[in-house]
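Once you know that position 486 of the sequence shown is 486 in our numbering, the rest is easy, because the numbers rise by one and skip nothing.
A few of these clues could be false.
[Claimed, not checked] The calculated BS3-like cross-link candidates involving lysine-lysine, where the alpha carbons are at most 25 Å apart (straight line), are:
#  : residue 1 : residue 2
1  : 157       : 110
2  : 135       : 236
3  : 135       : 302
4  : 562       : 546
5  : 145       : 116
6  : 487       : 438
7  : 745       : 778
8  : 236       : 208
9  : 456       : 302
10 : 745       : 727
11 : 355       : 145
12 : 145       : 225
13 : 302       : 406
14 : 236       : 110
15 : 487       : 407
16 : 208       : 291
17 : 138       : 546
18 : 438       : 515
19 : 94        : 208
20 : 456       : 208
21 : 157       : 167
22 : 355       : 518
[As the list claims (entries may be wrong)] Per label pair, the in silico range of CB-to-CB distance:
#  : residue 1 : residue 2 : range
23 : 194       : 567       : 30 to 40 Å
24 : 568       : 467       : 42 to 52 Å
25 : 265       : 649       : 38 to 48 Å
26 : 155       : 630       : 54 to 64 Å
27 : 288       : 723       : 50 to 60 Å
Derived by calculation from the structure, the hints in this document are not laboratory data. Where a beta carbon is used, it is the ideal one built from N, C-alpha and C, also for glycine.
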Amino acid sequence: MLGFEKWLKEFNLEKMNRRNFLKTTGKSAAATAIGLSIPTINKTEEIEAVPVFTGNPFTLGVASGDPLPDSVVLWTRLAPNPLAEDGKGGMENKYVSVQWEISFDEAFNKIVLSGKEIAAPELGHSVHAEVYGLKPGKEYYYRFKAGSEISTVGRTKTAPARDADIKSITFGIASCQAWAGGRFAAYHNMVEEDLDFVFHLGDYIYEKGDTETLTDYRLLHAQYKTSQDLQAAHAKFPFIVTFDDHEVDNDWSDDISDPNYPEGERERFLAVRAAAFQAYYEHMPLRRRSKPNGPDMLLYRKFTFGSLIEFSILDTRQYRDNQVGSGFPGGPLDPEASNPNRTLVGSEQAEWLLKNLRDSRSRWNVIAQQTMMAQYDYDPGEGISVNHDQWDGYSADRDRLFSFIKKYEPSNPVVLSGDWHSSWVNDLKEDFNDSSSKTLATEFVGTSISSGCGWKNQIEAALSVNQHVKFFDGDYRGYVKCHVTHKSWESDYRVVSSPSNPDTVAVTLASFTVKNGKAGAVRNGGVDITRMAADTMMAGQPSPVKVTLSNGTVKEVEVTVKIPVPTGWKSESVTRVLGPSDEAVFEVMVTSPAEMPAAERLRVEVDAGETAVYGPPRDIQVVSALSGENVQLALDGGSSSTPIFPTYERLVPEDTWDASIGYGWVGTAPFARDRGNADALQRDLIASREELTIFRVNVPAGIHKIYFLTGDSVYGSANTIIRSDNKLLAEAGYALDPGQFKWLKFELDGGSTGKQIDLEISSELGDGAWRLVAFVMK
1 MLGFEKWLKE
11 FNLEKMNRRN
21 FLKTTGKSAA
31 ATAIGLSIPT
41 INKTEEIEAV
51 PVFTGNPFTL
61 GVASGDPLPD
71 SVVLWTRLAP
81 NPLAEDGKGG
91 MENKYVSVQW
101 EISFDEAFNK
111 IVLSGKEIAA
121 PELGHSVHAE
131 VYGLKPGKEY
141 YYRFKAGSEI
151 STVGRTKTAP
161 ARDADIKSIT
171 FGIASCQAWA
181 GGRFAAYHNM
191 VEEDLDFVFH
201 LGDYIYEKGD
211 TETLTDYRLL
221 HAQYKTSQDL
231 QAAHAKFPFI
241 VTFDDHEVDN
251 DWSDDISDPN
261 YPEGERERFL
271 AVRAAAFQAY
281 YEHMPLRRRS
291 KPNGPDMLLY
301 RKFTFGSLIE
311 FSILDTRQYR
321 DNQVGSGFPG
331 GPLDPEASNP
341 NRTLVGSEQA
351 EWLLKNLRDS
361 RSRWNVIAQQ
371 TMMAQYDYDP
381 GEGISVNHDQ
391 WDGYSADRDR
401 LFSFIKKYEP
411 SNPVVLSGDW
421 HSSWVNDLKE
431 DFNDSSSKTL
441 ATEFVGTSIS
451 SGCGWKNQIE
461 AALSVNQHVK
471 FFDGDYRGYV
481 KCHVTHKSWE
491 SDYRVVSSPS
501 NPDTVAVTLA
511 SFTVKNGKAG
521 AVRNGGVDIT
531 RMAADTMMAG
541 QPSPVKVTLS
551 NGTVKEVEVT
561 VKIPVPTGWK
571 SESVTRVLGP
581 SDEAVFEVMV
591 TSPAEMPAAE
601 RLRVEVDAGE
611 TAVYGPPRDI
621 QVVSALSGEN
631 VQLALDGGSS
641 STPIFPTYER
651 LVPEDTWDAS
661 IGYGWVGTAP
671 FARDRGNADA
681 LQRDLIASRE
691 ELTIFRVNVP
701 AGIHKIYFLT
711 GDSVYGSANT
721 IIRSDNKLLA
731 EAGYALDPGQ
741 FKWLKFELDG
751 GSTGKQIDLE
761 ISSELGDGAW
771 RLVAFVMK
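Please model the entire structure based on the sequences and the hints provided.
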């Protein structure tokens, strides 16, 4: 004990200046100075025991969180009009009595406990019921009542007794959920899992450029909470939450957030932080210990699940020094990044963490936090380039932690991280610059629920000089499912093909195991889908969908690949035997309808018997086209320097109306984009963000079918809308995902002699730009 205390004191030697004092004690003085604190509710008169609402007050759903062996927090917020402009959710400035009930069964035939809470306007009429007296390791159902209104039913589960010898635990990791229009495919799939609880590691909302007041933050949280997928996840599992930066402001540090709130605007930023913290608390299933006091909020805490596993939840924002360095995603290493007086977590939280690790008697010891802990050098050359917002910008804190792990050897340390919108598995090394140095712990970085990773190419370019990174993927959104026993830890990276399409099915991109007593994750062997590809098909003719598979096991595996298709299509299946470590391309022949072009998202099914199948989402977009030889007009959109689809003519922005060729742009011209896709028809496109673009076409006598292909192989597409004489002819109906295409179909009447018709093209949703890939008149 004395040895540890001496060691800790030596590593915590810092000059106790005013800044360090504030880091260890909080900013209660600052909070008092600017008058920002949530009032204690002690008013008992004028409480509405039987309130009457203008609508359902439980529009934001229910949630539970912070599970203990005898207790959980139950949450809801009364908001009959959740997006009311004043941020009050359609509630009057009154106190409302809200009843909660807990039952062993979903029908509430046997109510175990019940009680009442006061929903106060000071807290946005949110409810945080801390329920005690529950049994450890037990599943319960709960609901709320206010007046004659009853909420949906939620499910929760307590933690096991602290000394319980539980066999296993399964939980999820989520983070970074940019608003995706209301649907979150990752959560839609997550509710089908059997999880004990879910960690949310930050970026629950994303602030906007003008988000500053309590009303602003309340409205953002309320918007996110209207998502039926997010509501379903909260109702299914207890959540353990912590924030990162976007709940307040991008890359904020302590009392500074450059460039929006530089050092000269400290008081203004603290007021913003106080507003953000209050709204966060109002919308999260947190205990009263985490209720903010102005711009201060106690969020780091510990959870123990029997003798199996213990979690230390960190706050890496409130106590950190301001970032140094510049550049994104990485920049030249700033010498100050390793200054021992700089901190990411603050001395008090650091000491708390090390004591947790020292005192733990659990088999697994987990640090759940926000930004990636592993070093990552973005410069594949001789220089060093790091992301200074992550632990690389505060390497002294990481060195102190790693020194402790090396010296005191806590049992099976594991780090869980979010923030970086991508999937990683990292060996946390004693010396990241020496690949042969000791691996001290394992880090699992979960991908985002919906936020994109626009910097994945920079990461991939430097993987060769970061040998401690055992796995990386920046393409897919989703979550991580962890299953932990006394013998091993298994992490499944569950991903979806579209972050906003609830119909997409989550698959396991990759799976890793850490064995008890041996730091470092090992990839689980199986049949891996390494690539799926389909060129544009010719309507009515067989065309291959190519699926590349590799066998990561030490045995032969018989594999069958098939592709179910819609009515009017045909498809074969292919069966082959893959030897150990073999890789092969399975060509599945698919035939599209002969009389019309088509665009479908098909699902590839891979059956490897008892062998697990890993890899990206099985959805693949296929596009078929009519031959240009048998139609009146066939145009392939794009630029003048790229190839076009056989038998099609080239359509470029410079093609203004020309009666001699029978088509062209009138007025404002669009622009072209080269997406670098090897498939000519899907490679380039014509696009515009102008309010209206006119494409004139000469339509021969009679009625003609028109096929207009929209979509983008790289980016999401806006809803493309086509009118003529202000009459709607066709529209996509929604924003398309990256890689998704759709043929818009309509008819044009050339009358008895033929005529010129102006097509008025516009867009909405998405990035605001319509896309034209191909145009066919039959």
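Right, here's what the structure says about each hint:
1. 157 / 110: It holds: about 17 Å lies between the C-alpha atoms, which stays within 25 Å.
2. 135 / 236: holds, 19 Å
3. 135 / 302: With a Cα-Cα distance of about 19 Å, the restraint between residue 135 and residue 302 holds, given a limit of 25 Å.
4. 562 / 546: holds, 11 Å
5. 145 / 116: OK: residue 145 and residue 116 at ~9 Å, within 25 Å.
6. 487 / 438: holds, 21 Å
7. 745 / 778: Within the cut-off at roughly 11 Å; holds.
8. 236 / 208: violated, 29 Å
9. 456 / 302: Since the Cα atoms of residue 456 and residue 302 sit roughly 33 Å apart, the hinted pair is violated (cutoff 25 Å).
10. 745 / 727: This hinted pair holds, its Cα atoms lying about 14 Å apart.
11. 355 / 145: With Cα atoms ~42 Å apart, residue 355 and residue 145 exceed 25 Å; violated.
12. 145 / 225: Roughly 19 Å separates the two Cα atoms, so the pair holds.
13. 302 / 406: Distance ~22 Å between residue 302 and residue 406 Cα, so the pair holds.
14. 236 / 110: holds, 20 Å
15. 487 / 407: holds, 23 Å
16. 208 / 291: Status holds; Cα separation ~24 Å.
17. 138 / 546: Cα-Cα ~48 Å, so violated.
18. 438 / 515: holds, 16 Å
19. 94 / 208: violated, 30 Å
20. 456 / 208: Measuring from Cα to Cα gives roughly 24 Å; hence the hint holds.
21. 157 / 167: holds, 16 Å
22. 355 / 518: holds, 22 Å
23. 194 / 567: 30 to 40 Å: Given range 30 to 40 Å: holds, Cβ gap about 35 Å.
24. 568 / 467: 42 to 52 Å: holds, 51 Å
25. 265 / 649: 38 to 48 Å: Violated, since residue 265 and residue 649 (Cβ atoms, about 58 Å apart) do not stay within the stated range.
26. 155 / 630: 54 to 64 Å: Since the Cβ atoms of residue 155 and residue 630 sit about 58 Å apart, the hinted range of 54 to 64 Å holds.
27. 288 / 723: 50 to 60 Å: Given a distance of about 57 Å, which is inside 50 to 60 Å, the answer is holds.
Of the numbered hints listed earlier, those contradicted by the structure are 8, 9, 11, 17, 19, 25.
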